[in-house]
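**Student:** These are the residues of each chain, in order.
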Amino acid sequence: MAEMTRRDVLKLTAAGAAMALPGMIPSPAHAQGAGKRELVVAQGGDVAQFDPHMSTSSNDIRISFNLFDNLTSRRPDGKLAPGLATEWKLQGQTTWVFRLRSGVKWHNGDPFSSADAKFSIERTYDPNAKMRVNTVFTTVERIEAPDPATLIIHTKKPDPLLPARLGFYGGQIVPKKYLDAVGPDTFNQKPIGTGPVRFVSWAKDDRVVLDANPDYWGGRVDFDRLIVRALPEMAPRVAALLKGEVDLITQVPPDQGERIKANASTVVSGALYGGLYVLAVNSKRPPLDNPLVKQALSLAIDRETIVKELWRGRGVVPSGPIAKGDNHFDTSLPPLAYDPKEARERLRKAGYKNEEIVIETTSGYMAGDKPMAEAIQAMWRDAGVNGKVEVLEYSVRAQKNRDRSFKGVWWSDPTSTLRDPDGMMWRLLGPGAPQDYWRHPEFDELGNAARFSVDEKFRADAYKKMTRIALEHFPWIPVIQPYEDYGLQKHVEWAPDPLQQLEIRRFNLKLRRA
Amino acid sequence: MRGLLPFLASRVLRAAVALWLVSTVVFVVMRLSGDPVPLLLPPDAPRNEIFRVRAELGLDRPLPVQYAVFLGNALRGDFGRSIHFRQPALGVVLNRLPATFELGLTAFVLAALIALPIGVLSAVRRNSAVDQTAMGLALVGQSAPTFFIGILLILVVSLKLGLLPTSGREDWRNLILPALTLGAFAMASIARLTRSAVLEVLRADYVRTARAKGVSETLVVVKHTLRNAAVPIVTITGLQFGTLLGGAVVTETVFAWPGIGRLAIQSIYNRDYPVVQCTVFLSAILFIVINFCIDLIYGLLDPRVRSS
Chain A
1 MAEMTRRDVL KLTAAGAAMA LPGMIPSPAH AQGAGKRELV VAQGGDVAQF
51 DPHMSTSSND IRISFNLFDN LTSRRPDGKL APGLATEWKL QGQTTWVFRL
101 RSGVKWHNGD PFSSADAKFS IERTYDPNAK MRVNTVFTTV ERIEAPDPAT
151 LIIHTKKPDP LLPARLGFYG GQIVPKKYLD AVGPDTFNQK PIGTGPVRFV
201 SWAKDDRVVL DANPDYWGGR VDFDRLIVRA LPEMAPRVAA LLKGEVDLIT
251 QVPPDQGERI KANASTVVSG ALYGGLYVLA VNSKRPPLDN PLVKQALSLA
301 IDRETIVKEL WRGRGVVPSG PIAKGDNHFD TSLPPLAYDP KEARERLRKA
351 GYKNEEIVIE TTSGYMAGDK PMAEAIQAMW RDAGVNGKVE VLEYSVRAQK
401 NRDRSFKGVW WSDPTSTLRD PDGMMWRLLG PGAPQDYWRH PEFDELGNAA
451 RFSVDEKFRA DAYKKMTRIA LEHFPWIPVI QPYEDYGLQK HVEWAPDPLQ
501 QLEIRRFNLK LRRA
Chain B
515 MRGLLPFLAS RVLRAAVALW LVSTVVFVVM RLSGDPVPLL LPPDAPRNEI
565 FRVRAELGLD RPLPVQYAVF LGNALRGDFG RSIHFRQPAL GVVLNRLPAT
615 FELGLTAFVL AALIALPIGV LSAVRRNSAV DQTAMGLALV GQSAPTFFIG
665 ILLILVVSLK LGLLPTSGRE DWRNLILPAL TLGAFAMASI ARLTRSAVLE
715 VLRADYVRTA RAKGVSETLV VVKHTLRNAA VPIVTITGLQ FGTLLGGAVV
765 TETVFAWPGI GRLAIQSIYN RDYPVVQCTV FLSAILFIVI NFCIDLIYGL
815 LDPRVRSS
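From first to last, the protein sequence lines are chains A and B.
Yeah, the first sequence ends on 514 if you go by my numbering, and it's all consecutive.
Yeah, the second sequence ends on 822 if you go by my numbering, and it's all consecutive.
Be a bit skeptical, because a hint or two may be false.
Reference excerpt, derived from the structure (chain B facing chain A, CB under 7 Å, subset only) [stated by the list, open to error]:
hint, residue
1, D549
2, L553
3, R785
4, A798
No farther apart than 25 Å at their CA atoms in a straight line, the calculated lysine-lysine pairs in the DSS-like style are these [as the list claims (entries may be wrong)]:
hint, chain 1, residue 1, chain 2, residue 2
5, A, K79, A, K407
6, A, K156, A, K177
7, A, K457, A, K156
8, B, K737, A, K261
9, A, K118, A, K204
10, A, K490, B, K737
Honestly, the hints are just simulated from the structure, not real lab data.
Small disclaimer: the values here were computed from a predicted structure and weren't measured.
Note that CB positions come from ideal geometry on N, CA and C, so glycine has one too.
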């Protein structure tokens, strides 16, 4: 704002002229009194839980990552930065020592200490606490808090990804004293954290109001009040942005993005999703137990066209089962090939007898799920594959996921929670994992060894070999790594996060409004 | 009034049976529709975790036992705890009821205030330009889906003309578009029915007699026609009111209006059995009360109903 350019002055004049037009009623977002600066965010659903250990849904974590801090902080650029811990180091193979920030206060004024951190992490896997994130810290053996500024975590086996685990869901640090005093139910209704915003009120299905924490250790946020509204339908959500009632909207599909860009006061900002959209494969069902058939299915998909036509260019063609931006993503691998002739050839070699291959898709749960399924069915038909699209309701899909009862291939949008193949490919495809439909001795051995190795060179090599195996056997047929797009008022300077967080801390959000 | 007590008693009995049937159907359908637990837990939750949560929610018990517990508790006004919100379901539903009432009542009043005069006018000026325009619009109002009307209103009134907010619930300005959207169907039905009811009466002998007596046309319409046309109009209007309260699902979603319609839809997606059961139960009570009120108004309007 100090460095206002000529162009900005012109823009302001234009905005003033627009406001003066008859019939323009200033909207609530801009009509507030003397200098109170609001940031209004609209997302697709309401918050369900404020207790960060009770939920992993994106509508909830957009808020809980701002009410609370983690020991480590996953930045929108993908790097792991200090959070409530200022530094950490590995001693030996299984002992992590964290130095904690001093002088940090909870929103009620209580001081933060290592006892809170110990309590928080132990709480996630305490069977009596019944938390929903109890799978996050299964590698932890015990935790010590020798002094208020030191936390020591012992892991059962070497865990190279412990700092990364602490940076995502489950890792939010909650106040021990307050929770002990009021109990989990009150805490869930009136949460207290150390984060950049503090809880004010919640009108269910309507809005959550949060105020800036003036004493935030990372600097006060660049607004006074954050309002998060639930606007379930896409068209009204975009309309609210275009009209200036909200400053930031989530989940903008590619076609709506063009409307937002065409509007003078709004822009689209996207981050490459920290994960992939894949067709997961039930490799136990013939003919999908034959690698040649799966190779053919992959070769028959024209991903370039899907990106260009269905996503209007808002995505990239994956090169394998590791998402771009993750640790050990192999930049030397080419994008997955489209070659229908070769696909036919491999089907012939496999002895494929036109068996039906079912694509199970939801409709609207994942962006573009049904249109992509239909496009792929048509592409497969051109290569001689007998595909069939079946539409599932989301809860039926969840049930099938649990029972591992998918019939052929189905949409999955694996998130790389740790920005590392261990937190995505191995978490979902490993033995006993939710998508365990295929086993390969070498793949399993490598995945297991990489999980428990603190030697990054060894891990890089292991994931390279696992990628090679996955591109022969295709337990996943990766289709696209899309952009997660957001709509913004031009005066909001903000970088979107690949893992669907809403990072509003000072380093990531500025309002260029006087 | 002789016979009011037996009338009331039979009504209450019928209401109780209806409520029992409705809640049983909802109980069974919700359980047929699937398990809420996979939706609550992250996809990589281990199997024993799923069993633990099922037990915690009482979903591991046999269905007849769950049903007996549900009925017993419901009789005492306890609908259980919401699986999704972890709070008593009744509280969650009652919390949203004012918003739905506000929207439903406004829509109803708007619909009645606009539709009744238009219906009467159309009948009196039969086949005039006014009549044809009004009935044309009514046809559109009755056939266009609520979703479409809502988004159209947002695009035209809010975005193009900048007159009203697009969504949410803050002050009276937020109420107009959703009320018009929700009331559109009712408005159209009431206008059309009013028109035909009035036309019917206008053909009656006593109207001709009144005119022959030299009674002014205004008095003929107001005194002789409207009173006699009122019974079917009250019926359709009353029924529309019930539909408005129940039909708020789409409108509330489009306009992000925090009422029970939206709650019901979300709870169905979340398989939040207690909240769905409670919402349906309360809606059923509302319908029954409204129908009861209509019956009473009949009696006031038409002495023949009272005596039979």
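**Student:** Which of the listed hints are not met by the structure?
**Tutor:** 4, 5, 6, 8, 9, 10
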